[in-house]
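Protein chains in written order, with the working numbering: chain A, 1 to 190; chain B, 1 to 206.
Just to be clear, a hint being listed does not mean it is correct.
[Unchecked claim] Chain B is nowhere near these chain A residues, computed Cβ spacing over 12 Å in every case:
{"no.": "1", "residue": "Leu54"}
{"no.": "2", "residue": "Asn100"}
{"no.": "3", "residue": "Val106"}
{"no.": "4", "residue": "His114"}
{"no.": "5", "residue": "Ala120"}
{"no.": "6", "residue": "Gly125"}
{"no.": "7", "residue": "Ala168"}
{"no.": "8", "residue": "Glu176"}
[As the list claims (entries may be wrong)] Derived CB-CB ranges, DEER-like:
{"no.": "9", "chain 1": "B", "residue 1": "Asp34", "chain 2": "A", "residue 2": "Gly158", "range": "55 to 63 Å"}
{"no.": "10", "chain 1": "A", "residue 1": "Val10", "chain 2": "B", "residue 2": "Ala33", "range": "40 to 48 Å"}
{"no.": "11", "chain 1": "A", "residue 1": "Ala168", "chain 2": "B", "residue 2": "Arg123", "range": "27 to 35 Å"}
{"no.": "12", "chain 1": "A", "residue 1": "Asp107", "chain 2": "B", "residue 2": "Pro168", "range": "46 to 54 Å"}
{"no.": "13", "chain 1": "A", "residue 1": "Asp107", "chain 2": "B", "residue 2": "Pro20", "range": "51 to 59 Å"}
{"no.": "14", "chain 1": "A", "residue 1": "Asp17", "chain 2": "B", "residue 2": "Asp34", "range": "45 to 53 Å"}
{"no.": "15", "chain 1": "A", "residue 1": "Glu6", "chain 2": "B", "residue 2": "Trp56", "range": "22 to 30 Å"}
{"no.": "16", "chain 1": "B", "residue 1": "Asp34", "chain 2": "A", "residue 2": "Arg8", "range": "42 to 50 Å"}
{"no.": "17", "chain 1": "B", "residue 1": "Ser57", "chain 2": "A", "residue 2": "Asp17", "range": "27 to 35 Å"}
{"no.": "18", "chain 1": "A", "residue 1": "Glu176", "chain 2": "B", "residue 2": "Pro111", "range": "40 to 48 Å"}
{"no.": "19", "chain 1": "B", "residue 1": "Ala33", "chain 2": "A", "residue 2": "Ala134", "range": "35 to 43 Å"}
{"no.": "20", "chain 1": "A", "residue 1": "Gly158", "chain 2": "B", "residue 2": "Ser57", "range": "23 to 31 Å"}
{"no.": "21", "chain 1": "B", "residue 1": "Tyr146", "chain 2": "A", "residue 2": "Pro38", "range": "26 to 34 Å"}
These are computed hints drawn from the structure, not numbers from a lab.
Just so you know, even glycine gets a beta-carbon here, dropped at the ideal spot from N, CA and C.
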Amino acid sequence: MREHNEARLVLAVGARDHAQGPSDAPVTLVEYGDYECPYCGSAYPIVKQIQHRLGDRLRFVFRNFPLSEMHPHAEQAAEAAEAAATQNRFWPMHDMLFENQEALDVDDLRSYAHAVGIDAARFDGDMQEHTAAARIREDFLSGVRSGVNGTPTFFINGLRHDDSFELAVLLAAVEEAAGALQRHGGATAS
Amino acid sequence: MTTATTDGQSAAQPAAALSPGEIAPDFTLHCTADQTISLRELRGHPVILAFYPADWSPVCGDQMALYNQILPEFHRYGAILIGLSVDGVWCHGAFAESRHLHFPLVADFEPKGAVARRYGVYREGDGTTERALFVIDDNGIIHWSYVSPVGINPGADGILNALEALSPTLPKSDGGDSDFCKSEGVVCAPASDTMARAIASMGGKS
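Next up, chain A with everything else stripped away, as it sits in the complex:
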């Protein structure tokens, strides 16, 4: 199946992204996700486990792909995560949202902002002015142009992962990419 997959990440991972893990990790896993999507909710602990297993061999990047026509809270949840990011609390908020997917009203989001320890007034201002809307749209369009075909969509070292995201499958694909790169790297070095 791989060789037929032509969908590749068109926007390279860079300084604009929210990333966990070293920038020179052999594998970069990019997720396009929606905080209100139940499938993304299922993928959330799986990604955590993969991060745990791979450790420093993995860099994980999350980009927004809110399907707001289906998920009425998806856009504001994404804005909340981005608002937290401006106060260096993206990942705590990201985790909070996925752990509370059923409660994403504005009041809920404010309580999460408080819980992750960010300035409430600044957060409220960002939410009211939709400060992050342009960035979220940039994420969304970069996903569209990369062949994102639903949420979640994963890219492993830039190539769309068309298989299941259940732990065994996604982990194997990530491990394979890590191994392939190390083998290739070893051959190049010798």
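With chain A's structure known, arrange chain B on it following the hints.
Okay, now just chain B, sitting in the frame of chain A:
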């Protein structure tokens, strides 16, 4: 009740999906119980035909919901999107309402799959269509076509690349339009009253 018309062309059944440069076979299909859409009415606009196997695919990232979200991008190119499957109009109606779709779904229902056959994208064994995309230029010529593995949602990057090639002067999306996510996505300048009514009825939330 619904009959696919051939517009004077042969009702040939190509073995594979029609290719770029070929004339897009005309059709008239129901989008609701009492409304039809004809391809020929849409001349003057790029048209995206998205054949898909069935309504109610059990994932939230399903192809039609995805295209619904991307609709404002298609509209930037003046393009009209039509979803086609062998499901009937009542099934389409319920599906469109559930997913808040702002574009028409047409029923290739009777004779079953007749239009899909003429585009070379009917799956005999399954009784459904392929997951196939056609971008038709404003003169009714196929500009781009793609058949995805049936289990894989092809996304929209190929469609947008094709529309871009048809409108080389239109700038690429730059992320500067913050109204994007809130757009109601009403199709621009429908080619006929029938189309306008059909679209209004499908996108009735606006």
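Requested in this report: For Glu176 of chain A and Pro111 of chain B, compare the CB-CB distance with the range 40 to 48 Å and indicate the outcome.
Outcome: Since the Cβ atoms of Glu176 of chain A and Pro111 of chain B sit about 47 Å apart, the hinted range of 40 to 48 Å holds.
Query raised in the report: Closest CB-CB distance from Gly125 of chain A to chain B, is it above 12 Å?
Result: Gly125 of chain A clear of chain B: closest Cβ-Cβ about 16 Å, beyond 12 Å.
Query - Whether Glu176 of chain A stays farther than 12 Å from all C-beta atoms of chain B, as the label says - result: At about 19 Å from chain B, Glu176 of chain A clears the 12 Å cut-off, so the statement holds.
Report task. Could you let me know if the closest chain B CB is still more than 12 Å away from the CB of Ala120 of chain A? Result -> 24 Å, holds
Query raised in the report: In this structure, is the beta-carbon distance linking Tyr146 of chain B and Pro38 of chain A contained in 26 to 34 Å?
Result: 29 Å, holds
**Report entry** Check on Asn100 of chain A being off the interface with chain B, judged by Cβ distance over 12 Å
**Finding:** Label holds. Min Cβ-Cβ 18 Å, cutoff 12 Å.
Query raised in the report: Can the suggested window of 46 to 54 Å be confirmed for the beta-carbon pair Asp107 of chain A and Pro168 of chain B?
Result: 48 Å, holds
Query raised in the report: Can we trust that His114 of chain A is non-interface, i.e. its beta-carbon lies farther than 12 Å from all of chain B?
Result: 26 Å, holds
Report task. Look at the Cβ atoms of Glu6 of chain A and Trp56 of chain B and judge whether their distance stays inside 22 to 30 Å. Result -> Between Glu6 of chain A and Trp56 of chain B, where Cβ atoms are some 28 Å apart, the hint holds.
Report task. Starting from the hint 55 to 63 Å, judge whether the C-beta atoms of Asp34 of chain B and Gly158 of chain A obey it. Result -> With Cβ atoms ~49 Å apart, the hint is violated.
Query raised in the report: Against chain B, does Ala168 of chain A keep a CB gap of more than 12 Å to every residue?
Result: Given a closest Cβ separation of 19 Å, the condition holds.
Requested in this report: Mind checking the hinted window 51 to 59 Å against the Cβ distance between Asp107 of chain A and Pro20 of chain B?
Outcome: Cβ of Asp107 of chain A to Cβ of Pro20 of chain B: about 53 Å, so the range 51 to 59 Å holds.
Hint check: a violation occurs at hint 9 only; the rest are consistent with the structure.
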